[in-house]
Each structure stands twice: as structure tokens, then as C-alpha cells.
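> So you can see what is in the structure, the chains are spelled out below.
There are 4 protein chains.
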Amino acid sequence: MSSVEYFTKVREQTISFCKHLSIEDYSIQVATFASPAKWHLAHTTWFFETFILKNYVQDYVEFDANFNFLFNSYYNNVGSRILQANRGNMSRPSIDEVYKYRAHVDAKMQDFLINLNDEKILDLVTLGLNHEQQHQELLITDVKYMFGHNPIFPVYNKDYNLIKDVNLNKNSIKINSGLYKIGYQGNDFCYDNELGVHQVFVDDFEINNYLVTNGDYIEFIESGAYSDFNLWLDDGWSWVNKNKINAPMYWHKIDNEWHNYTLAGLQKVDKKAILCHINYYEAHAFAEWKGMRLPTEFEWEIAAQQLNWGKRWEWTNSAYLAYPNFKKENGAVGEYNGKFMSNRMVLRGASVATSKNHSRYTYRNFFNPTERWQFTGIRLVK
Amino acid sequence: MSSVEYFTKVREQTISFCKHLSIEDYSIQVATFASPAKWHLAHTTWFFETFILKNYVQDYVEFDANFNFLFNSYYNNVGSRILQANRGNMSRPSIDEVYKYRAHVDAKMQDFLINLNDEKILDLVTLGLNHEQQHQELLITDVKYMFGHNPIFPVYNKDYNLIKDVNLNKNSIKINSGLYKIGYQGNDFCYDNELGVHQVFVDDFEINNYLVTNGDYIEFIESGAYSDFNLWLDDGWSWVNKNKINAPMYWHKIDNEWHNYTLAGLQKVDKKAILCHINYYEAHAFAEWKGMRLPTEFEWEIAAQQLNWGKRWEWTNSAYLAYPNFKKENGAVGEYNGKFMSNRMVLRGASVATSKNHSRYTYRNFFNPTERWQFTGIRLVK
Amino acid sequence: MSSVEYFTKVREQTISFCKHLSIEDYSIQVATFASPAKWHLAHTTWFFETFILKNYVQDYVEFDANFNFLFNSYYNNVGSRILQANRGNMSRPSIDEVYKYRAHVDAKMQDFLINLNDEKILDLVTLGLNHEQQHQELLITDVKYMFGHNPIFPVYNKDYNLIKDVNLNKNSIKINSGLYKIGYQGNDFCYDNELGVHQVFVDDFEINNYLVTNGDYIEFIESGAYSDFNLWLDDGWSWVNKNKINAPMYWHKIDNEWHNYTLAGLQKVDKKAILCHINYYEAHAFAEWKGMRLPTEFEWEIAAQQLNWGKRWEWTNSAYLAYPNFKKENGAVGEYNGKFMSNRMVLRGASVATSKNHSRYTYRNFFNPTERWQFTGIRLVK
Amino acid sequence: MSSVEYFTKVREQTISFCKHLSIEDYSIQVATFASPAKWHLAHTTWFFETFILKNYVQDYVEFDANFNFLFNSYYNNVGSRILQANRGNMSRPSIDEVYKYRAHVDAKMQDFLINLNDEKILDLVTLGLNHEQQHQELLITDVKYMFGHNPIFPVYNKDYNLIKDVNLNKNSIKINSGLYKIGYQGNDFCYDNELGVHQVFVDDFEINNYLVTNGDYIEFIESGAYSDFNLWLDDGWSWVNKNKINAPMYWHKIDNEWHNYTLAGLQKVDKKAILCHINYYEAHAFAEWKGMRLPTEFEWEIAAQQLNWGKRWEWTNSAYLAYPNFKKENGAVGEYNGKFMSNRMVLRGASVATSKNHSRYTYRNFFNPTERWQFTGIRLVK
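Protein chains in written order, with the working numbering: chain S, 6 to 387; chain H, 6 to 387; chain X, 6 to 387; chain F, 6 to 387.
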């Protein structure tokens, strides 16, 4: 695929995720961490305008001088910006205007890409497309969060349940102790946080080839786990009590039966389906309750070639920290990953909303241990 | 005008205020106190459905069972409801759906009103229409708040400045000390908080027949008033410092010149125009700075027949409390006014956004002393 | 009594209130509004040092240059100061040091007063002594708050219950409508907020010659009043729910019986004793429940000569606002009362902890409607 | 040393740390994380009463039934307790009473220890003594925090500067890549979080044999580091801005010269002395600025035998997580370490306030990345 074709394909995918949205759905922000769809559409476009077009296309005229302020996410190197919590306060620019912005930037990018051979710039374009694919996933989870917190539980699309997949088998994989290489060794795109191949020693371990199901988790709930402090990390116990948590995100007990909100509407929880929308504290407590533990990100990466995985991000017991020899790039691009290396835990795998070419053994996703709105699950290790 | 005609006219007025709104503009909530236009449209409709149609129209089928939860404002007697802060979280029901709701309720109401003679029910309808007119004013001020806090300062309508009126003259009115009757004495509609005519003794006073202008207020600012604690009430001084206030709401100093956001866009402040968008603390501090004071609500009411007023709500120095013999009605209607009688100050007059038939000498508006988003101004007394 | 004798007497009274305090008791601050006893002792002393000695005694050397920062309460005119919330963070200066400070200032003041004839300065001294008497009351209520929030409920002094007084009779007083003079008309000391005698017209009213008892209030509680929104002001209802209130301050239900903390320890609630430690919202809701109302501060002042009163501060239905012709003094002394004239309600009467010479018909006490730690009660009006 | 002698020695050490405290100094709590000295004295005593005397000494009568509520720290298994933030609200029990509590428990413990041979109970006693030694360190840092936040900066003891030590040399140590054993391998006491010896592979590294000095850090400050976002982790940058940080804790710029509060009073910063009181974010930013990095806890442990260390806790770049095969004990003792394994970073080494027998290569200290009130420093690695 040519770079123009690839660019166009990724950009169209983003729009295709929006095809069921009404105009009102594009602008609402329900929580600070969940941005409006309109913002995702504009911000991913701003990335190309800011890092490619303004820098490398002579005579490029920016679409709207206000957009740098409105659609910068967290790049301090690119100037000030609206607070993340205020992204949903803006009815204007309209979604029509944002689609015009996308068309404008796409046309300029397509022209520019036709004759582009500069490796460094092509790498930046690839970064921009991977960035856009990450936002495709956020767009879906943010839309789900908006609908899932609307008291009338709108059906986004009745065919779009997204969380009904089940485990393919119930075996486990044994891995021998030894030195293993960790980190990306291929020649394609990867993020800077995957680089710096290095050796890690692991002991023998046995890892499940399947994830925890809703049925498993209902047993955990019914055992009284949400009120047994011995199962919880201290921060997790505070989180449970402060927020009065007693089930995964989107779960509601109605007439004594667990239901959960899906993009296909409110449905009975399917006990056979793989559990979704729990945070690190819940994953940790569940493992404690089972007398097992979560894998480290290294164990996961070592075992990954032999495992069934994908459709859930899996919490690991590794903090998100720099690999040895991690090198932060200069300028805005260096803000992409490195600055988040504190207070976050690593997730491995991929979710139903993850772009296919983000599904690699070495990919390091990371979130605060309290977050639940991503499609997260639990794999256990002995 | 027949009751059907009057009903229809008020209901259409609400919609006419929305004619410049884009679909996105209807749903956004920027602050807890400022509701989305969509919510105002639905809530005023809910009032008629809940208090008239459900109670008095046999076989009335409610439009949507969820709407009582979504569109109740603060009536505890009518059941639970979403938090005020979450009114902007709902992209659904869509604005189309809400307009259908209005049409449905309007048709039923029109049918019902044709042959209605029951005084008590007619009074409730009148209350509902006055309620709707209050929301028309809130709708405009809430829309202004949304646009005024959008960093791109959208022009809502270039002919819709709304705050460029000037004083007609500069004289003052002397009133002699004596006993005066306060409260509504007519036969038309008024709110329960205006009832209970009673006598009040006032001393001689002299009240300005004009309001403070932007030019006056710029002098106040330039004298250093926002950093002179001696001018401020203690709570006001805390408010100034906590919020780093240095000018009225919507004012911005650009290139050393004061601009203010109007619904016609960001414009230079017109020094001759009457000041707008200050709160009680600012009004009180300005009076202190001038060596004058604000009128009490009684002084205002006594002088009102001789005064030029209208187009600004005027802060008085009276706390919003019950008149002697105030009687709260039973049930939900009793929640309309009485329960807000603490921590609020009375405003008298009327603003550019106030319905004409709300403009009466005895009308008691009330807001927390911190609020500035209404069209508020200052009149002084010696 | 000479001014030296009077000065000495008031100053000694303050110390006598502390005679049961251990050294630790002097320094603790449990809530922002409740200052440590050590702070009261020092702050009242600072008042004389700052406003008298430094201004009028030649060659006066201040005791410690840090004390102006530490012991200024809220006088912006006298410079910056520690945050009110941090008054309990200071173990040093020690209580010994603070007693030395008192002795030092007292000696200088006594010398100075012997030959003092300047009326203006004598007035300031009188203000300082009245100020100290107000702090004597705060000292007691703050100490009670500290002990009452200690889970072991220490007995401060077994003879010091303070809230066991009962009503002397059960009649009521009728007052005829008419014009009455309000405000202080005598020649002795009063605060600036009592000045400006003016006429007020009141309608006929009948006021109870007794206060609400604990027994009355238990009926109110048992009727379910704390969960009946119709009885409450909107702000009061929020306060009840946010703080999960179900009884007066210091009340605890133990083995199905109401107990309350007194300075003599935790005791069973005496149903015959006069109710104490309720706030304005509770007073208002109780009146609503009884189908009666609270008096205005004017009704109270008019009826006061015929009423039994004293030992409870009585919530009125009047907001704390300036009398007509109220004049704020220049400088720090002007900060004493005027700047608090928003968001507070007037209390009339006097409590068991109030200095005798603060017990006058015209005295205007004021607190936020949420406060309960003063010795507050309820009188009703028809 | 017999177990009685050892017990007595540790218990007396705690008291000796208090010898300069006035009675008021014992009870104050300035921040939620910093407990009053009185609480430390009682809590360490409660540990022996609760886990030894009540369980193993027949007919033991508890000193005061309220103390379990007052002096439990965070052991959910031992029942409810006062909120950590309220430890400073209690003037009673008095410090005298707490010393009596200590004497009572000490006498019973000494009697009990004389003939004690049960290994399991002896291990618990050892845990209790190590626990007490940790609180000795906290007692000192909490007292420093109290005095350091008192605007008059009291001199605790003029000979007690504690942070004037300097580096002994300026060389660095090279370690070869390879597999190394991590974890406690001795036979004496260690905490459960040090157990589970396991191999870790590390690459070649070179580690400084000295710590960052005040002089180094002043260069960092003067380079504008506190306003250069590129140096900071995202959470650190938020912390800097939210708290307006521009220097280490206890530093104040006076007359253009840096001073810092020490227990010997406010003193000029000694540029040659080793830096103290910085948090993880500051340590990380400093390393970034130097183009170096912090060691991992494994690198530190591997190099420790060749390094000068002690007198500062050194921030590592390792999150505080369980070692492979970490086993949490059942019941309250299991709450000691394991439940804190999220959102904290590991510190290695020992501070001036650390008990000598806590100074071992494998000791894992841990704090939130925001904390600065411990005696913390920075060592760099290439």
C-alpha cells in the first residue's frame, strides 16, 4: 500500500467509527478523561497540520488559527491549550466545520505524500497514523462512557455489543525460567517505549491461556469481595469505599440480576463471556481471592506467542517505567510516552477497539490503576 | 386573548429564542447553574405534562416515562431526578425528540384549554406560562454563558448585542419618610412571594433615576478597587481572591482596552452603556467606593413608579426572605419560591431578556450574591 | 469601677475560664472556625497591643515582632496573618510564653490607663474589652467543640453542664402592630451595628415566652423531620443530606436513647431542658413543622422587655444587614462588624457563655445559617 | 543482648528522641501524613499490647478500652479507628497518660519476655521493635515538619541540624552486566517484602559514589528547571504547578539567598552539604537535567557493598511492587507491607534518623512520589 493509500485508509476508518453518531453525540464530555468525538476528530487532524504541514509544506496556510489552542492535547512544546475538562464546553466549531478541517488537511497531506521520500518525515506521518489509531480506540470507549452514563441507556447500534466474546480453551502454558529478550526487535513502526531490547530473567511460571469470565467475577462479588479489605491494596480499598464500588463499570443489578450496558444497549450479563471494564485494583483483588497473581509485563511478552490474546487489554503487575536505555526524543514528539512514566500500570494485549496493527507482543499500553472505561480484562498466573 | 392563544404565544416565544442555535448549541452545559437549551425546552414542557395533563386529562399517556427523571428541575415532591450538574451529559434524547415532546404536549394542552373553566387549573396553567417565561430568560443567559466561555467567542447573532442601552437622564428622585404598602395588590398573576400586602416604614431617601455605566465602573476598576479590601464585604473579598476577579463577567482586556463578550460577539466596552454582569459583592463595593449605598427592595418598590427601569436586574440590599404572612402552598407548587429563602439577595426591575408581563413593581427576583451571568446592574441611593 | 479595675477584671475573667484546661488543651484546633484557647488568649492581648499600646504609648516595645502575624484574626488593615485554619498548627509560642505576653501587655495597659482621659482612646479600650468578652464566649464554645469531637468525650468539669436550664413559664406575649424604635439609644458601649435608631413597622404578633425544649425536638426528630424535604429550606436540605445530619450537634443515640455531650461529659438528654446547638436551618424547619415561624430581629427587640431571655442565642428570621444610616468606621476598627453583612442570620438574646454586659435588647449576634457550635435555641412566633 | 534488654533499649530510644519536646509539641498534627509525637508513642505501645499481651498473656487487662480505637494506625483486621487526619484533634489522653500507658505495657512485656522461648512470639516481638524503630524515624520527620511549618521557625535543638553531612569522595563504581541475586539472604530479622531471593539481570552500569549536593541543586534551580516542562514527568509537572513549587521542602529565599529550616533553626543553605527533602519527581527531573538517570532498586542493591551510603534515603527508579514469590501473611501482620504495593516508589539506603539495624542492603523503603518530608536525596547512574 502506498503511503497515500495507507494515510487515506486510516483517516477514513476514524470517520467510519462515527457513522452511528447523531450531531449531538459528537460534542458531549461526561468526564474529564473522556473527550468528545468531535475533539478526537479534530485533534488527530491537528497532529498532521502541526507536525507535518506547518513544518514541511511551504506556503501552507493553517485552517484556523484558533485550532491550535482548541485541539492540542498535552504537548507543552506546542503552546497553551484549553483544559482537558473543558473540551465538552464548545458547541462551536460545529461538527461540520471539523469535517471541513479534516477534508482540508487530508487533501494537503495527500498532495504532500505523493512525492514524499524523506524517511524522517515519513516516520512522523507513521507516528501520526498510529496516534490516530489510538484515538480511534479512545473515541469508541469515550462514546461508550457517554452513553453508559446516560440514564436512558441509549442503544448506539444493536449489533455492536463488543464484549460478548468467550474463551477458546481452558489450558495453561508453562514457561521455563531463564533469560529472555524484551522489547521490539522488528523493522516496522513501534513506539519509543518499546525500544531498547534488553534481557530479563524470569523464574518458572504457568500462565492461563484464557481470561477471567463474568461468571468467575460474579462468584468473586458474591463471596463478599468488595467488602473484604484483606483482598485489596490499600489505595484500592480507599477507591472502593470512596466511590461505593460493588461491581465492574457499566454493571447494574436489576430485579436481582446483573445487567451491563453495552453499545447494543442494557443487557443481561453473559456469564460465559470474558469479563470487561475492571481496573487494576479489581484485577489485583481478584487474583488475591483466587490465590494467584497477575503476570508481569515481561512474563506476558515471553508467553505471548503461545497464548490466545486480543479483545481485552490485560492488566499486568508491572508499573509503567522506562526500559533500560530508553531515550526520549527532543521536542513535542518526546512528550508522547515518556512523561507518563509514573503512577500507571502496564496493560498488554489488545482490545476489540484496538487497531489491528497495534496488536503486537511488545506493545505497552498504560493507565492509572483506577481506570475502568477501557476494554480491560484479567489473566492469571501461578 | 383566549387561554389557548396565550398558551400558544408563550410556547412559541420560547422556540423563537432558539432560532439561531445550531444542533450542537442545544446540548452543552458549561457550568452547573447554566442548563442546556434542550433541557429548558423539555423542562418547561414537563411542567405542563406533570402538573396539568397527568392530573386533569383523563387517559393522558405520558410521552416518555424517562422524562420525569430527566426533566424535573428541583421538585422533590415529584420524585428523584438527575443531578443539575449532569444536565449536559445527555446527547439523547435528541433535540428532535424534544421538539416532538413539545408538539405532543402542546396539542394536548390546546385541546384541554379550549373548554377549561376551572379557575384553579387555569391558575396552574398561568403559573406554568410564567414559569416558562422565566426559563426563556434563563435560556438566553445560559446560551450567552456557553458562548462567552468558548475561547473562540462565537457570534450568536450580529444584531443581538443586548447590552448597549444607555441612561435616559441623570436626575434623582426624593422620597419622603413614611409608611408605605409593599406587595402585590392587583388581580392578575403574581408569585406567592409577592403576596401578603404589608406596611413598611422608610426614612427619607434620594434614589438615582439612572444606573451605573461601564465608564463609571472602569473608573472604579482603575482606582484599584479590586485590590482594596476596605471596599468589600468579607465574603466578597474571599470571592475576588479565590477567583482572581478583576472585572465584570465577560470583560477582557485586550491591547490595553476593555472588551466584553456580547451575543453579537466580542466588542469594545461602550463607556456610555449601562453596566452589566456584576454580582452583589461588586455592586456593594461600587456603592461603598461612591460613598453611597444600594436601595432596599422596599425603597425600590416605593420609588418604582417614578423611575426609569427595565433592561437590567438591579441588586438591592435586601436579603430574600418571606414577607409577613407568607404562605407556602402544599405540594410541588409550594417548592417554587419559598424554599430558596436563605443566602440570596433580592433583585428588582427587569432585564432585556425578561418577559414583558414579568415587569411589575412588586416582582422579586433573587440570586446568590456571587452570581453574575444574569443581566444585572447597579442603582445607587443616598 | 475605674477603667483600670474594669480592664483588670475582664482580663482576669478570660483566664478564669481556662482554669480546668491542661497544657495540651490550649493548642488544639479541630475545625477551621474553632480556634485554640491559646490563640484566643494571645489574640485578645494583641488587640490591646496593636490598637492601644503601639499607637498611644511612647517608646512601647512590642513583645514579639512575630505576634502580629500569628495573632491578627481578620483585620486586613493590620497586615497579613496566618490562615485561620492553621491556628492549631503551632506548638510554639508555648502557653507559658502567651501568659507572659498577657502579663506584659496588662502591666503596660494598667500603667497607661491610670491617667487616661482621652475619650477616643477610652472608647477603643472599651471596644477591646467587649471584644475580649466575645472571645471568652468563643473560647468556651471552641473548647466544647474540641472535647465534644474527641472520641473519648472527656469530662471538662463535672459541674459544668451549662445546658440544663428549663423554661420558667409557658405563656406568650401579644404585641400590637405599630411603629417601634429599633437600635441602641443608651449612653454606654454598644457596637456600631446597633447604632442608627430608626423606626420599623410591625404587624400584630404573639411571641412565646419560652424556648423549644429537647423533648419538643425529639418529637420533631421522631416525626421523621430530617427526611421530610417539605420542611426544609433548599440550602438546609442540602446541608442535611451532605452531612448526614439527624440530630442537634453533640447528640448521639446510644442503646436507643439520646445522649448529648456536655462539658460535664456525655449525659442522657434531659427532655425538659431547653434545646441547644441547632442551626438556622434546623430552627426554620422546626418552626415549619409546628406551623409557626421564627421572630424577626425587630419583633424580638420590641418584645424583649416583656420576655424571659438569656442562656441561649435565639435564631431570628432576619438576615444580618446594615441598619439605615449604618456608618463603617475608617481603618481596622471598621472591619469589626460591617464586612460580615452577607450570608449570615441575626441571633438575639444571650447564652450561658455570654458576658453579662453583652446582654442587651439591641445586641445583634450573627452567624452563618449552618453553624451549630454556639449555644443556640429556638423561640417561636405566631 | 537478652530479649528483655533489647526490648528495653529500643523502647527507651523512642523516649530519648522526645527529650526536647515541650508538652504542646507532643499533640499537634500539621498534615494528614504527619502524626503527633504523642500518637507515635501510644501507637507503638498499642502494637505490643494488641499483638502480644492481649493474645499471649493470660489475665492481661487492657490499659484503656478506648485506646484500640485511638491508636490503631491502619490495621483493618484490628477494628475501626479514628481517621488519620484526626490524630491531632485529641488533647486527651494527655501525654502523661500516654507515658503511663508505655510504662504499664513495658512492665508487662518485660515480665513476659523473661521466660519467653516461643520462636513465633519472639518473631512478633522483633517485628514490634522494628516497627517502633520505623516510628522513631517518623517521629523525627513529623516533628521537623511541625516546626518547619510554624511561621516562627522554632529551634528544636541548636545542635540538631541533621543535614549538614557532605560527600566523602567523588568517584563512581562500575558494575558489569550479569545475573545477580536480590533479596534478604541472612538469618536475622527482615521485612516480608525483602524475602524471596531471586535473580535479576542487569546491564553494565556506572553509579556515583556520592549524592547530589545543595550546590548542584541550586544550579538546577537557577537554570530555570522548575519552569521547564521538558524535564518533568507529567504528574510531576502538575504537582509543581498546582503547589507552586520552586525549591526543596523547607527552603526559603531570604534577601536573595537560600535558607533552609533545620531542627537547629533556619540557616543558610550549605552548598557543600548533601541535598535533602526532595521528592521523586524532583529527583527524576534533576537526573533528566543532568542527562543521567536514577538507579533501579536492583542496581542499588548490587552496588551497595561498594558504595558510601546512609544518612539520606535515595529515590530509585523502581516502583514498589512484590518480589516474585512474595507471600502476604494472614491477619493484621500481613497488612504491614503488602497492601501498599501501588503508586509508591522504592527508596534505598538509610537516613540520619534511621535506626542502625534498619541499615541493610536489602531494605525497601517506599513513599508516594510526591512526598518530601523524609530525609531524601539523589544518587545518579549513567
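Because the hints were derived from the structure by calculation, they are not lab data.
It cannot be assumed that every hint is accurate.
It does not matter which identical chain is used: a pair holds within one copy or between any two.
To be verified - Once the Cα atoms are required to be at most 30 Å apart in a straight line, the calculated DSS-like pairs of lysine-lysine come out as:
hint : residue 1 : residue 2
1    : 105       : 175
2    : 332       : 105
3    : 125       : 344
4    : 316       : 105
5    : 247       : 258
6    : 387       : 125
7    : 247       : 333
8    : 24        : 295
9    : 249       : 125
10   : 186       : 332
11   : 258       : 332
12   : 249       : 175
13   : 247       : 344
14   : 14        : 277
15   : 277       : 316
> Could you tell me which of the numbered hints above are not met by this structure, giving the numbers in increasing order?
1, 2, 4, 8, 9, 11, 12, 14
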